[in-house]
Amino acid sequence: MSHKVIVPIGPYHPLQEEPEFFQLYVEGEKVVDIDIIIGYNHRGIEKLAESKHFDQVPYLVERICGICSSSHPYAYVLAVEDLFGGEKNVVPERALYIRTIIDELQRIHSHLLWLGLAGHFIGYNTVWMWAWKYREPVLDCFEMVTGNRNNYAMYKVGGVRRDIKDEDIPVLKKTLDELVPALDMFKGAVMDDPVIQARLKKIGVLTRQQVIDWCVVGPTARASGVNIDIRRDEPYGVADRIDWNVIVEKEGDIFAKTVVRIMEMYESVSMIRQSLEKLPRGEIDSNIKDIPPGEGIGRVEAPRGECIHYIKSDGTNRPIRHKIRAPSFMNVASDKVAAVGGTISDATITLAAVDPCYCCTERVTVLEKSTNKKILNGWDLIRLSQEKTQKLKEGLGV
Amino acid sequence: MNLKLKALSKSIWVFHVSAGSCNNCDIEILDLFCPRFDVERFGIQLVGSVRHADALVITGAMNRKSVPRMKRIYEQAPKPCVVIAVGQCALSRHMFRYSYNVCEPLDKILPVDLYIPGCPPKPEAMIDGIVKLVNKIRGIKK
Numbered sequence: 020m021s022h023k024v025i026v027p028i029g030p031y032h033p034l035q036e037e038p039e040f041f042q043l044y045v046e047g048e049k050v051v052d053i054d055i056i057i058g059y060n061h062r063g064i065e066k067l068a069e070s071k072h073f074d075q076v077p078y079l080v081e082r083i084c085g086i087c088s089s090s091h092p093y094a095y096v097l098a099v100e101d102l103f104g105g106e107k108n109v110v111p112e113r114a115l116y117i118r119t120i121i122d123e124l125q126r127i128h129s130h131l132l133w134l135g136l137a138g139h140f141i142g143y144n145t146v147w148m149w150a151w152k153y154r155e156p157v158l159d160c161f162e163m164v165t166g167n168r169n170n171y172a173m174y175k176v177g178g179v180r181r182d183i184k185d186e187d188i189p190v191l192k193k194t195l196d197e198l199v200p201a202l203d204m205f206k207g208a209v210m211d212d213p214v215i216q217a218r219l220k221k222i223g224v225l226t227r228q229q230v231i232d233w234c235v236v237g238p239t240a241r242a243s244g245v246n247i248d249i250r251r252d253e254p255y256g257v258a259d260r261i262d263w264n265v266i267v268e269k270e271g272d273i274f275a276k277t278v279v280r281i282m283e284m285y286e287s288v289s290m291i292r293q294s295l296e297k298l299p300r301g302e303i304d305s306n307i308k309d310i311p312p313g314e315g316i317g318r319v320e321a322p323r324g325e326c327i328h329y330i331k332s333d334g335t336n337r338p339i340r341h342k343i344r345a346p347s348f349m350n351v352a353s354d355k356v357a358a359v360g361g362t363i364s365d366a367t368i369t370l371a372a373v374d375p376c377y378c379c380t381e382r383v384t385v386l387e388k389s390t391n392k393k394i395l396n397g398w399d400l401i402r403l404s405q406e407k408t409q410k411l412k413e414g415l416g417v
Numbered sequence: 300m301n302l303k304l305k306a307l308s309k310s311i312w313v314f315h316v317s318a319g320s321c322n323n324c325d326i327e328i329l330d331l332f333c334p335r336f337d338v339e340r341f342g343i344q345l346v347g348s349v350r351h352a353d354a355l356v357i358t359g360a361m362n363r364k365s366v367p368r369m370k371r372i373y374e375q376a377p378k379p380c381v382v383i384a385v386g387q388c389a390l391s392r393h394m395f396r397y398s399y400n401v402c403e404p405l406d407k408i409l410p411v412d413l414y415i416p417g418c419p420p421k422p423e424a425m426i427d428g429i430v431k432l433v434n435k436i437r438g439i440k441k
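Keeping their order, the protein sequence lines are chains S and D.
Quick note: to get this note's numbering, add 19 to the position in the first sequence (first position is 1).
Quick note: to get this note's numbering, add 299 to the position in the second sequence (first position is 1).
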């Protein structure tokens, strides 16, 4: 006889930094179902963006998520530059290189952060401390180049806001040189440790078909053998001018996701090194004044996967529609197949394995309080009206 | 000095609540407990339950869904409890001020003892704020 118990995690739980509410339905030790309730973080950013000037929006979208605070503004400026016919039409050469450098530095910091948290979840607090210790020099680089440790404010429609000074380049190179031995250490620690292997292998498996069915993106998809990467499929910045590889693993378990992320950090180090070598001289901003009317889409490979921004402009100085789809929106849903069937002790690392970012993902539905029904929006009213006409037509036999 | 307040000024146990922030303040708070800044050497520690906490560290602009939860969390905390607002969003709602879903600033909802401004504040600023708070509890004027 089965006895279903609900284990609530959250919304304010020490396991997570962010407010979200998991309900695990368990029978004994086994997770049989999972329910994810979000909305504790919704700030209405899309609507706010419509009240801001095109140049103010990067400042806003940077604060969607503090960990990918380069990806969101990058995707936004790509969307606006799409109105001019693409990034390469308007952005000066040097700015393209600087954009890629900042974007890849952010990937290193984000993956190190995830590695630390994953170590913490499976009981390796040393991994947490060490990963975050080696993350600090990367943040120092950010502080040196952009002036802030976390919100960079580098992206601007038509270029970048700050230049990389000549005296900063040796420091950046030295930081990367010192980072590689640390990455080697993490790679060795993860690959060779029998406990980590026993803990992560064949846990939270997403098969290739499940990844395609659930539209999973980013390192989570690449760990299951799906070869997608926006940097290669639709290159932005200078990703098409430098040598790098897309890391793909076959297994689809959490171990493969860890390996993908660690190996991606090596690729990012190599991309930054090549960009610094090739960094040309020249302007960093093309001083765009007017935004033409039209629709634009920007796609960026954020550390968690594909991030899409859509902009609709009517020729005034504000976007009239701004739509954001962050990668976690697709990835979090796959917890339903990854966590169900495992034990409850594996649930935490499985939920964390997609590197979820709920502040990117927040959605809201407005309910009528007395009846608990959705409040109808304009489209719903039009649909109801059209359905009534249809019914009348059928009744009259027209 | 009140005995409870004296105990509060020794080693502060912290419960961290993210009330709708962008994660930046949160990772900077976690950074405080990592090797470079390491506030555990002062006895400051993250705890798993609000019932063990001396201080609530709250980040982010609160929205309609999180305000009732936040009030409940504050009620569960043992008193005297210090409330620390970290980051511009918790202080003044920052750029989310005119959003349809964001409510009043934190100090209209809970009694805030310490404000740490910044977006995000640097870990050094947070340590400085906590030192000032401890000095204030002990009655030291600087």
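Worth flagging that the hints you see were computed from the coordinates, not collected in a lab.
Keep in mind that the hints are not guaranteed to be accurate.
To be clear about the criterion: a stretch of chain D counts as covered by chain S if any three or more of its residues have a C-beta under 8 Å from a C-beta of chain S, and this derived list gives those stretches [to be verified]: (1) 323 to 331; (2) 393 to 407.
Listed next, the in silico SDA-like pairs over lysine to any residue satisfying Cα-Cα at most 20 Å (straight line) [claimed, not checked]: (3) S/Lys71 <-> D/Ser398; (4) D/Lys309 <-> D/Ser398; (5) S/Lys71 <-> D/Arg396.
Derived list of chain D stretches under chain S, where covered just means 3 residues or more per stretch with a C-beta under 8 Å from a C-beta of chain S [stated by the list, open to error]: (6) 302 to 313; (7) 376 to 384; (8) 428 to 436.
Note that beta-carbon positions come from the ideal geometry of N, C-alpha and C, so glycine has one too.
Status of each hint after checking the structure:
no.	hint	in the structure
1	323 to 331	holds (count 7)
2	393 to 407	holds (count 8)
3	S/Lys71 <-> D/Ser398	holds (12 Å)
4	D/Lys309 <-> D/Ser398	violated (40 Å)
5	S/Lys71 <-> D/Arg396	holds (13 Å)
6	302 to 313	violated (count 0)
7	376 to 384	violated (count 0)
8	428 to 436	violated (count 0)
In the structure shown, a violation is registered for the earlier hints numbered 4, 6, 7 and 8, in ascending order.
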